[in-house]
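A.B. asks: Next come the chains, spelled out residue by residue.
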Amino acid sequence: MKKPEGFKLVDGKGKRIDGRGLDETRPIRMEVGLLSRADGSAKVGFGNTVAVAAVFGPRALFPRHLQEVEECIIRTRYNMAPFSTESRKSPGTDRRSIEISKVLRHAIEATVFLEEFPRATIDVYMEIISSDGSTRCTALNAASLALALAGVPMRDLIASCTGGKIDGKLAIDLNGKEDNYGEADVAFAMLPTKREIVLLQMDGELTKEEFMTLLTKMADKCNKIRDMQVKTIKEYYKKIGGELE
Amino acid sequence: MKKPEGFKLVDGKGKRIDGRGLDETRPIRMEVGLLSRADGSAKVGFGNTVAVAAVFGPRALFPRHLQEVEECIIRTRYNMAPFSTESRKSPGTDRRSIEISKVLRHAIEATVFLEEFPRATIDVYMEIISSDGSTRCTALNAASLALALAGVPMRDLIASCTGGKIDGKLAIDLNGKEDNYGEADVAFAMLPTKREIVLLQMDGELTKEEFMTLLTKMADKCNKIRDMQVKTIKEYYKKIGGELE
Amino acid sequence: MKKPEGFKLVDGKGKRIDGRGLDETRPIRMEVGLLSRADGSAKVGFGNTVAVAAVFGPRALFPRHLQEVEECIIRTRYNMAPFSTESRKSPGTDRRSIEISKVLRHAIEATVFLEEFPRATIDVYMEIISSDGSTRCTALNAASLALALAGVPMRDLIASCTGGKIDGKLAIDLNGKEDNYGEADVAFAMLPTKREIVLLQMDGELTKEEFMTLLTKMADKCNKIRDMQVKTIKEYYKKIGGELE
Amino acid sequence: MIPMSEEYVLKLLRQNKRMDGRNLLDYREIKIETGVIPKAEGSALVQLGNTKVLVGIKMEIATPFPDMPDEGILIVNAEFAPIANPEFEPGPPGEEATETARLVDRLIRESKMIDTSKLVIQEGEKVWGVFVDIHILNDEGNLLDASAIGAVAALYNTKIPKYENDEVIRGEYAGNLPVRYKPVMITMAKIGDKYILDPNYLEEEVASTKLSVGIRDDDVICAVQKRGSGTIKFSELEGLIDLAIQKSKEIRSLL
Amino acid sequence: MIPMSEEYVLKLLRQNKRMDGRNLLDYREIKIETGVIPKAEGSALVQLGNTKVLVGIKMEIATPFPDMPDEGILIVNAEFAPIANPEFEPGPPGEEATETARLVDRLIRESKMIDTSKLVIQEGEKVWGVFVDIHILNDEGNLLDASAIGAVAALYNTKIPKYENDEVIRGEYAGNLPVRYKPVMITMAKIGDKYILDPNYLEEEVASTKLSVGIRDDDVICAVQKRGSGTIKFSELEGLIDLAIQKSKEIRSLL
Amino acid sequence: MIPMSEEYVLKLLRQNKRMDGRNLLDYREIKIETGVIPKAEGSALVQLGNTKVLVGIKMEIATPFPDMPDEGILIVNAEFAPIANPEFEPGPPGEEATETARLVDRLIRESKMIDTSKLVIQEGEKVWGVFVDIHILNDEGNLLDASAIGAVAALYNTKIPKYENDEVIRGEYAGNLPVRYKPVMITMAKIGDKYILDPNYLEEEVASTKLSVGIRDDDVICAVQKRGSGTIKFSELEGLIDLAIQKSKEIRSLL
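Residue numbers (my numbering), protein chains in the order written: chain G, 1 to 245; chain D, 246 to 490; chain X, 491 to 735; chain S, 736 to 990; chain L, 991 to 1245; chain B, 1246 to 1500.
Chain G extracted, bound-state conformation:
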């Protein structure tokens, strides 16, 4: 999308259109256990972007010919609600959601101990209910929490955020306008304690130096996101424990 003339993503003082600094994320909210029918669920917000994730399983997979003999399969769906976007999005999958569902599935496959549940499936569904940039990373953070709540054994939590280049500057956690009008954007997720990358997608124009500088900033931010995830889960179990007593 073409940036309107004169429109600035970063002002003279290095502040972004929503008042943030370049290395700041928007306010992050995390909530878990909100959906009673799911085995695990979570809602994550990065500013005006909100994703809800639900995990079902491990459960038996039918028809049988889809089963894997030595491990469980992961099925994912990333979906945007029609009212989540500026103009209404027609319901249904499109090429973008097919691709995103695929890369998110691979991120989860790289994280879960698949071999513990041969012949089973774990279904991870992610709904974007409000969209303002960074939707896939928000969804993946929610999926990570929902998997943890469902008790699925994982190598680590998945922490995810976006980054990019806007008005020539490197920035973390792009909002919708920054994504549309910026020069580059990167979607990234890693297993923070392992320092292993499970999601990496980039679009735009970056030199190698910019790319590596940006990735280093994003990896740092993912460490903090993981801390929030851990805190969210602990508080949930504390609360539940309290209620059960």
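In case anyone wonders, no lab produced these hints; they're calculated from the structure.
Among the hints, erroneous ones may be present.
The calculated DSBU-like cross-link candidates involving lysine-lysine, where the alpha carbons are at most 35 Å apart (straight line), are [what the hints assert, rightly or not]:
#1 1407(B) - 208(G)
#2 177(G) - 1149(L)
#3 861(S) - 422(D)
#4 1404(B) - 3(G)
#5 479(D) - 462(D)
#6 1184(L) - 177(G)
#7 1102(L) - 248(D)
#8 347(D) - 1007(L)
#9 89(G) - 579(X)
#10 746(S) - 721(X)
#11 1262(B) - 194(G)
#12 422(D) - 968(S)
#13 334(D) - 1102(L)
#14 1108(L) - 439(D)
#15 414(D) - 897(S)
#16 347(D) - 1021(L)
#17 1276(B) - 493(X)
#18 1184(L) - 260(D)
#19 422(D) - 984(S)
#20 592(X) - 897(S)
#21 897(S) - 247(D)
#22 728(X) - 1262(B)
#23 194(G) - 1371(B)
#24 3(G) - 1262(B)
#25 766(S) - 684(X)
#26 217(G) - 1439(B)
#27 102(G) - 1276(B)
#28 3(G) - 1371(B)
#29 1108(L) - 453(D)
#30 698(X) - 897(S)
#31 929(S) - 260(D)
#32 684(X) - 968(S)
#33 476(D) - 766(S)
Partial list, computed: chain G residues near chain B (C-beta under 7 Å) [claimed, not checked]:
#34 95
#35 209
#36 233
Glycine residues also receive a C-beta, built at the ideal position from the N, C-alpha and C atoms.
Put chains D, X, S, L and B on the given structure of chain G with help from the hints.
C.D. replies: Structure of chains D, X, S, L and B alone, referenced to chain G:
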């Protein structure tokens, strides 16, 4: 649809646009056994609305995972032929036909002794070949006859008709214009000897008193429709018996 | 399609728009074994029409309920690449490709000894990568070669060509313009040594005499096409043999 | 009733007999009723023995094809409704329905039976579209010939609605559809080494091949299709065409 | 937790009790939050006990229907997202979602709750389209009533964007959506010979039939649907309608 | 021939060898032929060893996107035709084809290789649409890199047809497509703890992860995608990017 200005559905003498009184149905025609490949078939006309129904089964259901262990399943399809309507209807299912197929299936499930045919299916297909209002009720009357011809055990025959409010008056068996320009319409079916309702859908604006008055008239009419169904079946077997001798 | 006024398909000397005589085909090119993943493959060109065919099988067919107990089944796909036509063709099947896939399947079923591979499938996929008339016949010639390369036992090779009536004259191997602007076109294939017809489709206007005269010319041409097929296969094995030594 | 089986069909044919008593080259009784669908601009119900096919014609305003700005358009569609045969499934048209629709389309189009140049309302912008919808009610075999008879009968029964102030006025008519030929489709089925006409559905099951030939009033051939997975001997072809031409006259006389 | 089973639901009902302690005619606690979706022109999150339904309204420029040139259009869509229930499958809307969307559509349309005549920008050319998207988040039963509450609440929360120079200016508003009624859908479920209100999902599994009745502020009935494969006795009908009318006032007071 | 198995691939790699004799960072032989499709405005057949990919470009008149009224449009589509691999099924594009199309799209779009501002015929109304159709003929691995090479080569081979009196005149040309860069996609596959370039299809089966990096002539990175269900160590990343940049120069020199 908006009623053209000055257009009257009921004249000063209580006559409707096709000359009927408020409590009269259009001429009803019933024919059974017309399709040699079906296990049971019927054609029913209410004025210019004509439906053909065919029943296949009880027959084995495949793939097996669709079978019900303790009863037979009913599958229905309500479909309008492209040439049945004013402007050509594109072939294929739409949301309206999905909904109608569902409520008609439920009406049939409420009528057939499902437990007599575990693991089987009974397929009831209904084609509207000419459409002038009340298509689903006409289709259901045809389905009832076709089920009887197929020898499917039922708690009673299903008798069905529509009613509604047109130009402020309650009327039976709406035609297409009355359906479009009227204030309310009701689709109704019952098992007359049991006085049990198997189909009930209403749209529009009715007070409770109007609704109950109308329903009572419709139930009366369904008794008469059942009589016609019985007569049609008897005459068919008489004729067949005569031919076989 | 309407012929532009004054446009001539055949000139005063009986020459066609690409310089050919009425009984001449365009230059024919045949190549086999070009696709390493297929069990048999071939590429055939008639002038600017080019088809690639690949054969997979005989191979086991799943799910089982599709299997035939006493013979193998043939599955075919005829598909035009989006860039093969004047204006881009939207990807995906349409009614034309469904019909053509069906008649080509029947041609192959009439040729292969199906009973030798009960419960199996042989899949024959044909891609039109450049289209200038006679695409289905070109595809079928390629399929015939690919089947032979795959070692599928056949009653004979299938030889195929088109013919038609253009500017009032009977002609062999119609190109795109001749197909569009001519008075009739015929798609034809036979097993030359058996003189049995396996494909026959005709559109347009022909008297019986014209039809029979044209068919006789086409049958002659198919004999020659079969000779080319045999030569192509022999040369391939000679070359392969040479390489293996 | 005597149980009918494929064996039985074959056994009878060896004696040049058919299960319903017909001679090899007989059609079943043909009944044609027209004007049977109130909302359609033209319609016909065809019965070929117990095979029943309903054809309805709708006339709709359409945009002409860019390369045919001065001609109306023709769309033929076939629905093999599941009421017609226990093996038909609900859903989008399959291979058989598609082939039937395309063959009837070619018969009508290539025979030039409709004078589409008279269907233009505004050149390049607005023309009449003729929508031929074939609806199979009961499949006792030879759906193609029955569908073709139904389509031609329905087109002969079709009126063009009035069109005023950019609006189609249904129920009022400006005239008949401009039709000029009665093309007929004749299907011959090969069972063993014999050919029969108008196969019923059990005969179709047994037949290895069918040859369908479309013939115009002036004996011109306008559509041919070999159907099914058998072969036809080249030497048989001329006789089959002769047979189709001859039989087409008989069928046409009923239209 | 005590294991819940269908047997258990039935046993309790025989004693006029329900698994969550409610009386037969009680709704679960209803919570309504509006304005919850930043990008939507209107939205509501409804909780009916643990059932959670999110409804978002988008206002888009649309072409009016030819027979309604001077009215805005209404589109209702329901997504039974697979996050809501382990039995929901990803993919196009199934029967349940379609029925829910159509019933909410009828409730809104037939009650005339939106004054669509005020949604015309240019007669016959350009009107506002009101897109009501129902998104099920968690299915603990009675999705229809929850969806209807959500749709009405979201429509009351909806603003019309500014429209200048043929462009919708999102985030700036010209006024509220013209709404005038609060229709309510009441679903009664029949289990054995008893009727209960607001069935949870285990009760829905056991119920043979549901009757859903849509009631407007003036007690006018504007939509009725019998759902499920049981029957309703004719003699029961009047009492059920009375019950729905009475209960609708209680629900409406929350909107 | 020696039977090839996944075990064999792994065993060789432990000795830094590959089944076809290549070094770990070698590409297979690359052959590029352009202008191979008569009806296409541009085309290329790329062979990467035995992997064969055909790319055709069609130029069509299109409407620009409302937010880009002064730019032509680009559509990239990939067909994983069933002729290419016994595991490909006929039908609409699956996940792999969709990902390939979208990555090639991003490589072309984000690198700004086409000057789309020169494809406007009438601002806001009519522009050239560049349709890039990738057709896989034979899949012996690394379809993405081959597709990208094919797309760039075909775009460099593309001519814009003449456009006169609202009509595209096929076969006559107004000039070349305005292209200015040769972006290259480099795919590195991780097998065990080793990375190899240009994996063949058996190596792809064994690889846990692939990293594909798109590089422009000026070494700018314009597209990156981690593919597959393994992980990449953060510490490995810089070396992989360096490798991709270095290798891209070698591939670009062939274009």
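A.B. asks: Hint by hint, say whether it matches the structure.
C.D. replies: Results for each hint:
no.: 1; hint: 1407(B) - 208(G); in the structure: violated, 41 Å
no.: 2; hint: 177(G) - 1149(L); in the structure: holds, 23 Å
no.: 3; hint: 861(S) - 422(D); in the structure: holds, 29 Å
no.: 4; hint: 1404(B) - 3(G); in the structure: holds, 30 Å
no.: 5; hint: 479(D) - 462(D); in the structure: holds, 26 Å
no.: 6; hint: 1184(L) - 177(G); in the structure: violated, 56 Å
no.: 7; hint: 1102(L) - 248(D); in the structure: holds, 16 Å
no.: 8; hint: 347(D) - 1007(L); in the structure: holds, 31 Å
no.: 9; hint: 89(G) - 579(X); in the structure: holds, 27 Å
no.: 10; hint: 746(S) - 721(X); in the structure: violated, 45 Å
no.: 11; hint: 1262(B) - 194(G); in the structure: holds, 29 Å
no.: 12; hint: 422(D) - 968(S); in the structure: violated, 59 Å
no.: 13; hint: 334(D) - 1102(L); in the structure: holds, 27 Å
no.: 14; hint: 1108(L) - 439(D); in the structure: violated, 48 Å
no.: 15; hint: 414(D) - 897(S); in the structure: holds, 34 Å
no.: 16; hint: 347(D) - 1021(L); in the structure: holds, 31 Å
no.: 17; hint: 1276(B) - 493(X); in the structure: violated, 42 Å
no.: 18; hint: 1184(L) - 260(D); in the structure: violated, 43 Å
no.: 19; hint: 422(D) - 984(S); in the structure: violated, 45 Å
no.: 20; hint: 592(X) - 897(S); in the structure: violated, 41 Å
no.: 21; hint: 897(S) - 247(D); in the structure: holds, 23 Å
no.: 22; hint: 728(X) - 1262(B); in the structure: holds, 33 Å
no.: 23; hint: 194(G) - 1371(B); in the structure: violated, 52 Å
no.: 24; hint: 3(G) - 1262(B); in the structure: violated, 50 Å
no.: 25; hint: 766(S) - 684(X); in the structure: violated, 41 Å
no.: 26; hint: 217(G) - 1439(B); in the structure: holds, 27 Å
no.: 27; hint: 102(G) - 1276(B); in the structure: holds, 31 Å
no.: 28; hint: 3(G) - 1371(B); in the structure: holds, 21 Å
no.: 29; hint: 1108(L) - 453(D); in the structure: holds, 30 Å
no.: 30; hint: 698(X) - 897(S); in the structure: violated, 41 Å
no.: 31; hint: 929(S) - 260(D); in the structure: violated, 64 Å
no.: 32; hint: 684(X) - 968(S); in the structure: holds, 8 Å
no.: 33; hint: 476(D) - 766(S); in the structure: holds, 28 Å
no.: 34; hint: 95; in the structure: holds, 5 Å
no.: 35; hint: 209; in the structure: violated, 10 Å
no.: 36; hint: 233; in the structure: violated, 22 Å
Hints 1, 6, 10, 12, 14, 17, 18, 19, 20, 23, 24, 25, 30, 31, 35, 36 from the list above are not met by this structure, while the remaining hints are.
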